[in-house]
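The primary structure of each chain is shown beneath.
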Amino acid sequence: MPPGRLHPLTADIREIARIFATMGFGIAYGPELEDEWHNFDALRVPADHPARDMQDTFWTNEEPRRAPRTHTTSVSVRCLEDMAKEGKTEGRMIIPSKVFRNEATDSTHEAQFYQLDGFAVGPVGSVTLAHLKGTFDRFYREYLGEGVQVRFRPSFFPFVEPGVEMDVWYEAPGKEGRWLEVGGAGMLHPDVIQNAGLDPKEVAGFAFGGGIERLLMIKYGIPDVRAFHNGDIRFVYGFDQSLT
Amino acid sequence: MAISMKTSRKWLQGYFEKELPAAEAIADALTFSVAEVEEAKGDLIDVNILPDRAAYMLSHRGVAMEISAALDLPLSHDPLKETLPTFPETDRVLVTLDEDGKCARYIGALIEGVKVGPSPDWLKEALEAVGQRSINNVVDATNYVMLDIGQPLHAFDAAKLTAREGGYAITVRASEAEESITTLTGETYALPEGTLLIADGNADGRPLGIAGVKGSIEAAVTEKTVDLLIEAASFGGTAVRKTAQALKLFTDASSRFQNKPSPALAGYGMAHVIELILKVAGGKLVGVTDVFPNPPEPRTASVSLARINEILGASFAADDVRGAFNRLGFSYTEVEDTFIVLAPFERNDIEIAEDLAEEVGRSLGYDALESKELALLEGVPAQERFRGIEAVRDFLVERGFSEISTPSFASEGEIELANPLQSDRPYLRASLIANLKDALTRAAGVAPRVLGPAPFVKLFEVGTVFTKHGEALLLSMGVVAIGGKPAQAAEALKENVAALEQDLLQIPAAAHFTLDGQMMELNLGKLNLEKLGEEYAPISAHMNAYTPFSLYPSALRDIAVWTLEGTEESEVANAIVSQAGDHLARIDLFDRFEKDGRTSYAFRLVFESRERTLADTDLDPAMERVTDTLNKKEGWEVR
Numbered sequence: 000m001p002p003g004r005l006h007p008l009t010a011d012i013r014e015i016a017r018i019f020a021t022m023g024f025g026i027a028y029g030p031e032l033e034d035e036w037h038n039f040d041a042l043r044v045p046a047d048h049p050a051r052d053m054q055d056t057f058w059t060n061e062e063p064r065r066a067p068r069t070h071t072t073s074v075s076v077r078c079l080e081d082m083a084k085e086g087k088t089e090g091r092m093i094i095p096s097k098v099f100r101n102e103a104t105d106s107t108h109e110a111q112f113y114q115l116d117g118f119a120v121g122p123v124g125s126v127t128l129a130h131l132k133g134t135f136d137r138f139y140r141e142y143l144g145e146g147v148q149v150r151f152r153p154s155f156f157p158f159v160e161p162g163v164e165m166d167v168w169y170e171a172p173g174k175e176g177r178w179l180e181v182g183g184a185g186m187l188h189p190d191v192i193q194n195a196g197l198d199p200k201e202v203a204g205f206a207f208g209g210g211i212e213r214l215l216m217i218k219y220g221i222p223d224v225r226a227f228h229n230g231d232i233r234f235v236y237g238f239d240q241s242l243t
Numbered sequence: 000m001a002i003s004m005k006t007s008r009k010w011l012q013g014y015f016e017k018e019l020p021a022a023e024a025i026a027d028a029l030t031f032s033v034a035e036v037e038e039a040k041g042d043l044i045d046v047n048i049l050p051d052r053a054a055y056m057l058s059h060r061g062v063a064m065e066i067s068a069a070l071d072l073p074l075s076h077d078p079l080k081e082t083l084p085t086f087p088e089t090d091r092v093l094v095t096l097d098e099d100g101k102c103a104r105y106i107g108a109l110i111e112g113v114k115v116g117p118s119p120d121w122l123k124e125a126l127e128a129v130g131q132r133s134i135n136n137v138v139d140a141t142n143y144v145m146l147d148i149g150q151p152l153h154a155f156d157a158a159k160l161t162a163r164e165g166g167y168a169i170t171v172r173a174s175e176a177e178e179s180i181t182t183l184t185g186e187t188y189a190l191p192e193g194t195l196l197i198a199d200g201n202a203d204g205r206p207l208g209i210a211g212v213k214g215s216i217e218a219a220v221t222e223k224t225v226d227l228l229i230e231a232a233s234f235g236g237t238a239v240r241k242t243a244q245a246l247k248l249f250t251d252a253s254s255r256f257q258n259k260p261s262p263a264l265a266g267y268g269m270a271h272v273i274e275l276i277l278k279v280a281g282g283k284l285v286g287v288t289d290v291f292p293n294p295p296e297p298r299t300a301s302v303s304l305a306r307i308n309e310i311l312g313a314s315f316a317a318d319d320v321r322g323a324f325n326r327l328g329f330s331y332t333e334v335e336d337t338f339i340v341l342a343p344f345e346r347n348d349i350e351i352a353e354d355l356a357e358e359v360g361r362s363l364g365y366d367a368l369e370s371k372e373l374a375l376l377e378g379v380p381a382q383e384r385f386r387g388i389e390a391v392r393d394f395l396v397e398r399g400f401s402e403i404s405t406p407s408f409a410s411e412g413e414i415e416l417a418n419p420l421q422s423d424r425p426y427l428r429a430s431l432i433a434n435l436k437d438a439l440t441r442a443a444g445v446a447p448r449v450l451g452p453a454p455f456v457k458l459f460e461v462g463t464v465f466t467k468h469g470e471a472l473l474l475s476m477g478v479v480a481i482g483g484k485p486a487q488a489a490e491a492l493k494e495n496v497a498a499l500e501q502d503l504l505q506i507p508a509a510a511h512f513t514l515d516g517q518m519m520e521l522n523l524g525k526l527n528l529e530k531l532g533e534e535y536a537p538i539s540a541h542m543n544a545y546t547p548f549s550l551y552p553s554a555l556r557d558i559a560v561w562t563l564e565g566t567e568e569s570e571v572a573n574a575i576v577s578q579a580g581d582h583l584a585r586i587d588l589f590d591r592f593e594k595d596g597r598t599s600y601a602f603r604l605v606f607e608s609r610e611r612t613l614a615d616t617d618l619d620p621a622m623e624r625v626t627d628t629l630n631k632k633e634g635w636e637v638r
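Chains A and B, in that order, are what the protein sequence lines are. Position one of the first sequence corresponds to residue 0 (numbering that gives the first Met the number 0), numbered consecutively onward. Position one of the second sequence corresponds to residue 0 (numbering that gives the first Met the number 0), numbered consecutively onward.
Because the hints were derived from the structure by calculation, they are not lab data. Idealized CB from N, CA, C, for every residue including glycine. Just to be clear, a hint being listed does not mean it is correct.
If you want a taste of the chain A side facing chain B, the calculated C-beta under 10 Å gives, among others [to be verified]:
#1 MET0
#2 ALA27
#3 LEU32
#4 GLU35
#5 TRP36
#6 ARG64
#7 THR107
#8 GLN240
Modelling step: build the complete structure from the supplied sequences, incorporating the hints.
This is the structure we're talking about:
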């Protein structure tokens, strides 16, 4: 019998993991069903923040309630907490895993998708916004190809300051190049470092996040995000796949 | 999360002496220095304001300030830096704040003798340019000032309030149980208890408006209005947001208050609206009552040059920083290499050193940052657990299993959502089996098209399940035999699971099989995945562009042909493909044997269209052409 197929997300997460490994990033895991502290409070998303509304976040009917995590930055918080316990001041992790958002689905929105969140921290001054740019310049060049450029635009996420939106310039095969929004990032807010039990006077770094399906949609020309998680093998076999 | 601020280039131009560039150029400057522009066309520039800047940028003045900083064009005047006029106080407006902390400031002004009517053209045009409807000169004046400097304002018809000895009483209070209000636009809302209200203190607290959201129709300004009670207040952002949310009533006022603009802004709002009303509607200001129990202290934030460069990874000079702060209109002092910035009162986002580093970074442009590579770390990055999981996947793919991904929401489970997306899937899955079963059934239906004449479809999924005892990472595997024979499928699954346990995991992994034995799941979390991954390098999978299968069902035709001994399979296949037409999607050999010096080949042809379901009338002519061609070959004969 011929070999089967890896799910396209699996195939590309391997590539993502490989590229980040060359830059010293490990892969972290954490709960998909998360408590409010790790998903929101520790990340400075206050109790009255719109993101915590029922129409943006799924909630369990437990007491206390938990949320299917809305990003995997919740795992970054857990990693930073572990670093604090172990007395470490340096660490780099990516968390390429499933997240959930309570929103209407269409060809570009799914209620469950994969996100590539992560962080790099180190002694103050060793991990800066310029290093964030360098990290993603390299990542996108290796993942999408040499012609890729990365640019930052000012943005806002409660857990970073400064906060930026990342765009990449990408020329899909046979198409004109254009700037694509690929994720948010920034320097971890000192409160977040503090919330994890680390000292913001000693430790600083960046955090980032963005959808993974979107990257594959750009790279392989997949028109509809809903194809990823519907269990249909016609999606998995919609690519020629060679294993090496 | 972003709030749209529609601005007019003409309106913004009023803040500059020099001619502004075209809307598109302004949009570019804003996008790379402060906020994304949703649309820029002609006179309109629609800016997406994120929460951190909403306290000052939901206004033409705020956007003008940012354009000034981005393009280094000085503002001709800044209303928020001008000295406020001193208005006469009046005892004819009494203000009582009942709710501690939910209203930081309330300014009431009494204007008598206005003439309500249509607005002058310039005012109408300004509002219409940003998508607002002109109502009358008084209401338009309040809206104009709000859109100009960001302070929500409200005008009541004073005659519709109860006067006592010529005076009016405004009370800010929480609603009691079962109160309701009919708003200016005629909709009636039942108010949740505790909703912050503006009430008539001379009429037992009769509601006049929902604080920070919308006024009541009972005190509406109309053509007949002569005396006005004007409100400029600072309502608590959290309270306003909760109310807007509960009533599903989101207004220009509520979107501003929920972002907590400075209570100082209310003073500027009042000064501007009094001036504008007197100008466009006449009348005379009687006086103002300003209740402002705890004016905030001016705030400072400091940052050193070294710290800015440490955060940004830049090597900016002190002059670069001075330039950025000057363009942003910050006043600051320098003590050695530290900048002590007096945050402009409207900038509630300036609190810590990092906030100032962001101001410098965005002002000098993130393009100016060079890319720096992170220093190498000692040791190997921790990816063992990941590689352990990938080892399981690779093992299965090598044995013909294909991977699927399915939804985490389920019709059955142990953890229920309070707000499921679909009411028939309210649970988080406690097992992967139901989705696997469904996927196997669907896969069997499309197998001839996707897999060709394979005897089995073999699928697996690695996914998280959720139970009362916690969550677990499970592996599910399933096999279905094409054309029946469930026992064979069960046998194939059993063999593969045994191989997984013995050859890869090297321990019995306690797989749970379904009753028919065709599906199973096991808990990967109980295995030592880190150890499994220690020495493992996952296989690289290279893929090309996605070519979706047709959404329409495929159709099958089999054809068998005798050929002369020694005829290659490819010769027969090519002959078929050349005649089968554009709808042929795949061709697979499923039988070959030799007899009496001849070789028989049997092929399965799969046809499909991207536009429609194919009918016999499509397939029969194609098969006739194929049959004719094969029969014409020397010594060949279609069976």
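Okay, the hints, checked on the actual structure:
Using the Cβ-Cβ criterion of 10 Å, the hint placing MET0/A at the interface with chain B is satisfied: the shortest such distance is roughly 4 Å. With its C-beta approaching chain B no nearer than about 8 Å, ALA27/A sits inside the 10 Å limit, and its interface hint holds. Interface restraint check for LEU32/A: the shortest CB-CB distance to chain B comes to about 6 Å, inside 10 Å, so the restraint holds. With 10 Å as the threshold, the beta carbon of GLU35/A stays out of range of chain B, its nearest partner Cβ sitting at about 13 Å, so the hint is violated.
Evaluation of the TRP36/A hint against chain B yields a violated restraint, the C-beta minimum of about 17 Å exceeding 10 Å. For the restraint placing ARG64/A at the interface with chain B, the shortest Cβ-Cβ distance is roughly 7 Å, inside the 10 Å limit, so the hint holds. Given hint, THR107/A at the interface with chain B, is violated; its Cβ is 15 Å from that chain's nearest Cβ, farther than 10 Å. With a least beta-carbon distance of about 5 Å to chain B, the hint placing GLN240/A at the interface is held under the 10 Å criterion.
Checked against the numbered hints given earlier, this structure breaks hints 4, 5, 7; the rest are met.
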